[in-house]
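*Asks:* Each chain, letter by letter, is given below.
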Amino acid sequence: MADLTTHIGNLTLKNPVMTASGTFGFGLEFADFVNLEEIGGIIVKGTTLHKREGNPYPRLAETPMGMINAVGLQNKGVDYFVEHTYPQLKDINTQIIVNVAGHSIEDYTACAERINALEKINAIELNISCPNVKEGGMSFGTSCPMVEKVVGAVRKVYDKTLIVKLTPNVTDIAEIAKAAEHAGADSVSLINTLMGMAIDAEKRKPLISTVTGGLSGACVKPVALRMVWQVAKAVKIPVVGLGGIMNATDAIEFMLAGASAIEIGTANFIDPAITVKVAKGIDEYLERHGFKSVKEIIGALEV
Amino acid sequence: MADLTTHIGNLTLKNPVMTASGTFGFGLEFADFVNLEEIGGIIVKGTTLHKREGNPYPRLAETPMGMINAVGLQNKGVDYFVEHTYPQLKDINTQIIVNVAGHSIEDYTACAERINALEKINAIELNISCPNVKEGGMSFGTSCPMVEKVVGAVRKVYDKTLIVKLTPNVTDIAEIAKAAEHAGADSVSLINTLMGMAIDAEKRKPLISTVTGGLSGACVKPVALRMVWQVAKAVKIPVVGLGGIMNATDAIEFMLAGASAIEIGTANFIDPAITVKVAKGIDEYLERHGFKSVKEIIGALEV
Amino acid sequence: MKKYIIDFCVSSNEALGNNAILLKLKAPGQMPEMRPGQFVEVKVENEPNTFLRRPISINYVDRSKNEMWLLVQKVGNGTRKLGELKAGDTLNCVVPLGNGFDTSAVKGKKVLLVGGGVGVAPMLMLGATLKAEGTTPTFLLGARTKDMLLEQDLFEKNGQLYVTTEDGTAGEKGFVTNHSILEKENFDKIFVCGPTPMMKAVAKFAKSKNICCEVSLENKMACGLGACLCCVTETQEGHKCVCTDGPVFNINELAWQI
Amino acid sequence: MKKYIIDFCVSSNEALGNNAILLKLKAPGQMPEMRPGQFVEVKVENEPNTFLRRPISINYVDRSKNEMWLLVQKVGNGTRKLGELKAGDTLNCVVPLGNGFDTSAVKGKKVLLVGGGVGVAPMLMLGATLKAEGTTPTFLLGARTKDMLLEQDLFEKNGQLYVTTEDGTAGEKGFVTNHSILEKENFDKIFVCGPTPMMKAVAKFAKSKNICCEVSLENKMACGLGACLCCVTETQEGHKCVCTDGPVFNINELAWQI
Ligand SMILES: Cc1cc2nc3c(=O)[nH]c(=O)nc-3n(C[C@H](O)[C@H](O)[C@H](O)COP(=O)(O)OP(=O)(O)OC[C@H]3O[C@@H](n4cnc5c(N)ncnc54)[C@H](O)[C@@H]3O)c2cc1C
Ligand SMILES: Cc1cc2nc3c(=O)[nH]c(=O)nc-3n(C[C@H](O)[C@H](O)[C@H](O)COP(=O)(O)OP(=O)(O)OC[C@H]3O[C@@H](n4cnc5c(N)ncnc54)[C@H](O)[C@@H]3O)c2cc1C
Ligand SMILES: Cc1cc2nc3c(=O)[nH]c(=O)nc-3n(C[C@H](O)[C@H](O)[C@H](O)COP(=O)(O)O)c2cc1C
Ligand SMILES: Cc1cc2nc3c(=O)[nH]c(=O)nc-3n(C[C@H](O)[C@H](O)[C@H](O)COP(=O)(O)O)c2cc1C
Ligand code: FES
Ligand code: FES
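Chains as they are written, first to last, in this note's numbering: chain A, 9 to 311; chain B, 9 to 311; chain C, 5 to 262; chain D, 5 to 262.
Simulated from the structure, these hints should not be mistaken for laboratory data.
A hint or two may mislead.
Claimed, not checked - To give a feel for the contact side, a few chain A residues facing chain B, derived at Cβ under 7 Å:
no., residue
1, 94
2, 97
3, 98
4, 206
5, 212
6, 220
7, 230
8, 231
Stated by the list, open to error - Listed next, the in silico DSS-like pairs over lysine-lysine satisfying Cα-Cα at most 25 Å (straight line):
no., chain 1, residue 1, chain 2, residue 2
9, C, 7, A, 285
10, C, 85, D, 90
11, D, 114, D, 47
12, C, 224, A, 213
13, C, 111, A, 84
14, A, 164, A, 142
15, C, 150, C, 177
16, C, 90, D, 90
17, D, 47, C, 85
18, D, 114, B, 98
19, A, 241, B, 211
20, A, 241, B, 213
21, C, 90, D, 47
22, A, 303, B, 98
What the hints assert, rightly or not - In silico negatives: residues of chain B with every beta carbon more than 12 Å from chain D:
no., residue
23, 79
24, 152
25, 191
Ideal Cβ placement from N, Cα and C applies to all residues, glycine included.
Given these sequences and hints, build the entire structure.
*Replies:* Printed below as a string of structure tokens:
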């Protein structure tokens, strides 16, 4: 067996496979199918300062090789997480990472501060795709100054590994990643969902309650891979790659493009045991190609 | 039969189905499969001022429900078009539209001027996804000031219908569309290809010579539909919708989202007779739902 | 209940009326525990237009043959593809999912099971389970027309069967809520699965008579595991997942305007 | 030549060695005109991972049975799916595509047809056509090992057959370019289809002997119609489309460094 250990800043992962926020619950939902301790890291549901009900139903539309969701960050709030969920997770022997979301800088910092106090949580993933309610509703992640502001503010209150999750709905993803790096991020993860839309032609109605929503799944892989490649060339911090990873080959492609670790999202819905299969598949690939460590394939694309 | 006539500025199309540039050659390549005169409009291959050899092979990679191409605007130049191709096309009884590309504003204007002189060509589609070689290689279509400059310059020399084709690789497509409208475009068409990438994991090499390329096909439909919807709300000029249209239902979705006409691209490769099938399918839909004219469904989405 | 990902082997695929099929699936090993009202998420293979799994109720479990039955109505690409399955083919299922019906306090009580269209599917397993537990249920099934009534013979084996058809071709003419049995007998509990308007009509009736009533919802699902939060329904306590908090809900929990 | 989109009906699908299959396809109406070296673009159904059509050479046309043959090696998702086709299934093809081999000036000349691996496919139709036109060809087929040689019996019917295998299990041991027949006989024209290194080796030989040589290329294709410009190869006159200017090229046209 090859050495699958990889690093995201100070964070050590036993293998590069993590779960994408919002697609794996808190991990416990999948415990019947996989040994959670065989997963490199579990990134839990997006958590906000206050409880959120999320968007009205319908929240889901299927698209060619993908899906659009409009969950809208439904969650019970950080206090509930700290009091009720964290105790159930803290003894799982893998990295548990909290995905932190918000609609103002104060939301983000307050939430990050609460998580900072949790002993067994060594990293947060900052979801900056959320609309900035105070500044006109544009997503935090779409402008460099806003990225610097929110990341800088969280950096001040959070002293463990800070991963910033980027939205792909931008003109120049490399510039955004550099802004996050500059503001103190230890890593960037990408991509969050592409903004998409689906229509029921017969009923002449949108298929989801919010009209537009987040596209994910196999269909987004080419875009995600391109962005990971562009970002990995632009920044010095480690990159976490995701978007449409359905199998080990896909995961390896992201690592070749420059990702130090990967996340699996929508694929969990199609095969709830996919995470450990991907970890095994990466190992097989490394063995077959004579690599001793997974680190040898990070950014190993020959161009 | 319902009335399928639609308008793009001063241009009248007998039905809303056009062909996307670069996917239908000059139309003649498909004459064995469809009666070209049953197509609403034929948008021919991207044409530049000077002959271009395009990118090296390989130029194509298949992706989940899509493909990436890196043709790189291979074409024989506008003079060849005027002298050799135009004579073959001018008596086809449908709208023939030339897709004009360039790497500097002078390229665009010189090319548009030549086409302006052709009696039977009533419109051009300005492809502003090309890199602006003089200003650092960023695509013309990714910043509002550059869009205004190039569209404004072409507007001065071209007096028939000017359709501006937008790239989807931007943060705010509605702003870009408004810039094109402001600079005098009669219409905007969208989307051009999403920038994507594909890797051969076994060989650890990119699958296309240019590493990244343009993603098209069914997989991009949700993103395209969302952008058409956003743009149709933002501008007053007619919108032409495309991106992943594979059948009549897809085409109808784009029209419901606000498109006055649609283009079919990659689907021509899978079914060379798809254009006329889509036109017939739209007609059937209109009949089934009791619409007298296709104009009734433009922007008819109920939200 | 522990969940599994299982490659079932198709024993048979029978075409029924109303564009429906009855799939009998053999478990390769021990058949998991499952309760009436639970469902499976099936993976549709060889179908480019079906990306996600499809939720299908457990219609019946025949432990003697180690078989699970699914009653599927062909409405789109995924279900049509299931219609093409042949004996010997494999069908991958995540099973069992959801809460199931609450049968804990019905012993010796008068129980009515109402099914509409393909919503009859979970009622067969529910009826058979109740009967095995000593409570013979009454079934009331509704359909547009005679040919759309499914599995009548099987229901009859497990209790008294009444039917309604909208066109009067079988049983009483009209909707299930018009059936005379509802006036003739006094039921202690009603279980319903079918189109939403039908479920709401029955729920309204139950509420007016103060009868305990459970309905099985069919929201769109991605994961079926309570992870994606796509399948929510509005309840008295806010959004709840139909896949884990449901699909069965007591009507008093829901935010239905009835 | 006029092109058609045709739903062929599979008459038979025979498994051959080397992971290959021989598909015999019946035309529902009149079989179109086609030339040796031309190809079809097949639509692979029920395969989520195959979005574009797949180009496959015309292996043979049996006009007595109104059948077109395709010889397909299973290398990926699309070709594997073709391997699952059964008699009676439909296969949608765009046909005929490409230029085909130039057989105009070979009458009475000594002609060598070289095929490697599944590249033998177009050589059968070419050989049969030449023979029918009165020019009995010589075939030289190469493979890694004996079991990978395809359709030998059919080639033998149309001309003299020589083979090489890399492991010596059939014919002469080595590559086609090592075969003694190349030294023994003087050929006027050579046609080649196979892996690129093999085609280049034969081209080099032909060039050195000043023999007219045509090769059939297998670039990746999207449209097959000269519309997308994805399939280009470098030629003396710049980029040319393999799907319309080829797939057959005279080696002097190409920009090969040989
Ligand atoms: C808990 C649960 C249990 C179910 N049990 C059964 C059952 O026992 N038998 C049965 O035939 N069906 C059952 N369904 C409905 C079944 O899941 C859908 O009919 C199926 O997903 C449609 O898939 P498709 O690919 O054929 O249709 P699609 O092509 O996806 O869509 C066709 C039509 O079906 C509708 N549809 C799609 N997905 C769903 C969905 N998840 N729920 C409801 N409607 C949908 C669409 O809106 C559309 O109108 C159940 C659904 C749920 C949530
Ligand atoms: C003009 C022409 C004629 C051909 N004739 C035949 C024939 O008669 N019989 C036959 O078996 N094959 C033939 N091929 C090759 C055939 O098209 C490919 O093997 C097929 O497209 C692979 O599809 P897949 O889905 O099975 O493989 P994929 O899953 O797409 O890929 C598997 C492997 O095949 C390679 N491949 C994919 N597409 C092509 C392609 N278009 N050309 C070459 N390699 C490719 C990939 O690089 C990969 O290594 C021909 C190709 C061309 C261009
Ligand atoms: C149902 C659903 C819910 C999601 N919720 C979140 C979330 O709460 N926070 C977040 O950062 N990303 C969220 N995402 C985005 C995913 O984490 C991931 O970035 C995206 O789906 C792309 O990866 P994939 O194609 O592998 O799914 C969600 C995605 C889905 C499908
Ligand atoms: C092979 C290929 C070549 C293309 N060439 C051009 C071009 O020359 N000019 C242009 O504006 N768009 C070009 N496009 C983009 C298409 O016109 C269209 O915008 C895009 O493919 C999205 O539509 P689709 O998903 O229906 O294909 C090309 C696309 C493909 C696939
Ligand atoms: S379907 Fe995912 S939470 Fe219910
Ligand atoms: S495959 Fe499209 S031009 Fe050759």
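*Asks:* Now, for every hint given, state plainly whether the structure supports it.
*Replies:* Outcome of the hint check:
no.	hint	result
1	94	violated, 36 Å
2	97	violated, 33 Å
3	98	violated, 36 Å
4	206	holds, 6 Å
5	212	holds, 6 Å
6	220	holds, 5 Å
7	230	holds, 3 Å
8	231	holds, 5 Å
9	C:7 with A:285	holds, 18 Å
10	C:85 with D:90	holds, 18 Å
11	D:114 with D:47	violated, 38 Å
12	C:224 with A:213	holds, 16 Å
13	C:111 with A:84	violated, 38 Å
14	A:164 with A:142	holds, 21 Å
15	C:150 with C:177	holds, 11 Å
16	C:90 with D:90	holds, 15 Å
17	D:47 with C:85	holds, 19 Å
18	D:114 with B:98	violated, 48 Å
19	A:241 with B:211	holds, 20 Å
20	A:241 with B:213	holds, 16 Å
21	C:90 with D:47	holds, 24 Å
22	A:303 with B:98	violated, 59 Å
23	79	violated, 5 Å
24	152	holds, 31 Å
25	191	holds, 30 Å
When held up to the earlier numbered hints, the structure conflicts with 1, 2, 3, 11, 13, 18, 22 and 23 and fits the remainder.
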